[in-house]
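Knowing the structure of chain A, use the given hints to seat chain B on it.
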Amino acid sequence: MSSPAYHAPETIEQAVALLAGDAGARPLAGGTDLIVQMRSGRNAPSAIVDLKRIAGLSGIRALPGGGFAIGAATACTSLKDDAALAAAWPGVVEAANLIGSVQVRNRATMAGNLCNASPAADSVPALVAAGATCLVAGPNGEREVPVEAIPASPGRTSLAPGEVVIEIRLPAQLGGDAYLRSIPRTEMDIAVVGAGVSLVLDAGGVCTSARVAIGAVAPTVVLVEAAGTALVGTRFDDAALEAAADAVRAACKPIDDKRGTAEYRTAMAGVLVKRTVRIALERAHNNQGRSQA
Amino acid sequence: MNKLLVSTTVNGDPQQFLCDPDTSLLDALREEMDLTGSKEGCGSGDCGACTVVLDGKMVCACLVLAPEAEGRQVSTIEGVAEGGQLHPIQRQFLEHGALQCGFCTPGFIVASKALLDHNPEPSETEVRYWLAGNLCRCTGYDKIVRAVMDAAAELRQDRRTAA
Chain A
6 MSSPAYHAPE
16 TIEQAVALLA
26 GDAGARPLAG
36 GTDLIVQMRS
46 GRNAPSAIVD
56 LKRIAGLSGI
66 RALPGGGFAI
76 GAATACTSLK
86 DDAALAAAWP
96 GVVEAANLIG
106 SVQVRNRATM
116 AGNLCNASPA
126 ADSVPALVAA
136 GATCLVAGPN
146 GEREVPVEAI
156 PASPGRTSLA
166 PGEVVIEIRL
176 PAQLGGDAYL
186 RSIPRTEMDI
196 AVVGAGVSLV
206 LDAGGVCTSA
216 RVAIGAVAPT
226 VVLVEAAGTA
236 LVGTRFDDAA
246 LEAAADAVRA
256 ACKPIDDKRG
266 TAEYRTAMAG
276 VLVKRTVRIA
286 LERAHNNQGR
296 SQA
Chain B
51 MNKLLVSTTV
61 NGDPQQFLCD
71 PDTSLLDALR
81 EEMDLTGSKE
91 GCGSGDCGAC
101 TVVLDGKMVC
111 ACLVLAPEAE
121 GRQVSTIEGV
131 AEGGQLHPIQ
141 RQFLEHGALQ
151 CGFCTPGFIV
161 ASKALLDHNP
171 EPSETEVRYW
181 LAGNLCRCTG
191 YDKIVRAVMD
201 AAAELRQDRR
211 TAA
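Protein sequences appear in the order of chains A and B. When the letters of the first sequence are read in order and numbered with our numbering, they come out as residues 6 to 298. When the letters of the second sequence are read in order and numbered with our numbering, they come out as residues 51 to 213.
Relax, there's no trap hidden among the hints.
No more than 25 Å apart at the CA atoms, straight line, and that leaves these computed lysine-lysine pairs for DSS-like:
#, chain 1, residue 1, chain 2, residue 2
1, A, 279, A, 258
2, A, 57, B, 107
3, A, 85, A, 57
4, A, 57, B, 53
5, B, 107, A, 85
No lab work stands behind these hints, which were simulated from the structure alone.
Bound-form chain A, shown alone:
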């Protein structure tokens, strides 16, 4: 196998030109999936376009209105170091920091986790629940799309040739979020089920908005709109939580594999969503307390 070319462009325009000019070129952010796939022969790019020398793609910017823009080459551990981001979106930051080991998270990025398009990607359900979008650069300019529009099937994205995710954007936090995953170990494993939840409450504690996303139980991460609908208008009583869990179980189309059977994954998805809602709810209450203080 011949060695691919290696490019380290300094601008987004150069990166897009390199990717658009060579159908076999692949963007490199943290490399914790791409390099493993190259070693195993599963992926044989003709060129590697390293995004880490592009100014502005590593780091986190506060957006006007309270949101955040996270550069595509920002390592997962850097998210924890940003106190404002970690306080606003703990579910997203925790999800990104469940991936692999510290060594892996010092390299791995959320944009890479998204574009690797694994159904079990930990950061993706949290991002989808958060209502995150991504900024995609390509030969025809830039476009902003919801995170859930990127994964198409296991290992495949909806990105057109020459396109690359350059930034992930989180809105202002108006409530609370959480992510939990189920794995047979405590660390260094791949989700059997993952659940991301983001909630907004009114002053009386009634749910005004809820987004629920699940991972590892379908070919892509799934936004379960019916689960959100089941929570809106409630105070998260047991019946509402059970209705949300029912909607989640109905959305599961899992596979059987060595990590879990389809039946187990479906049952566990319902359990996990209820646990995740309770954590997001507590955080939403705490945030409300802070904003009223």
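Here is chain B on its own, set in the frame of chain A:
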């Protein structure tokens, strides 16, 4: 494919080497620079035997392309001891017998040093989670964790004495 010329800094020394673009930093360290302390266990980022510090962050050298090291600072196990003087973490590993075959040890030492460099007083739980990316098939980890905890205590004592 033409070889790339990479200029980097390893353990404070400037280094230049030629490599194929998809050479791993681990292979460049071992084969171009004769720094064979970093080991390849899995080659897929699971075992941590190749742990090095790249611009202040510990990473698996098997999952870094050598050209990515251009202009960066790399620290390896070879830079942990000062001359003939073992680092307290290395000495505690010996005193605790925190190794048998020793293949994982360079990765554990580099990862432990990365922890203690930014967290001088970790809890046992923090040590265990921090080292989750380093696999040891000999020791059962307990002796490693005790060595790191004792090294942390020793380093804190050294700092107090120096102050």
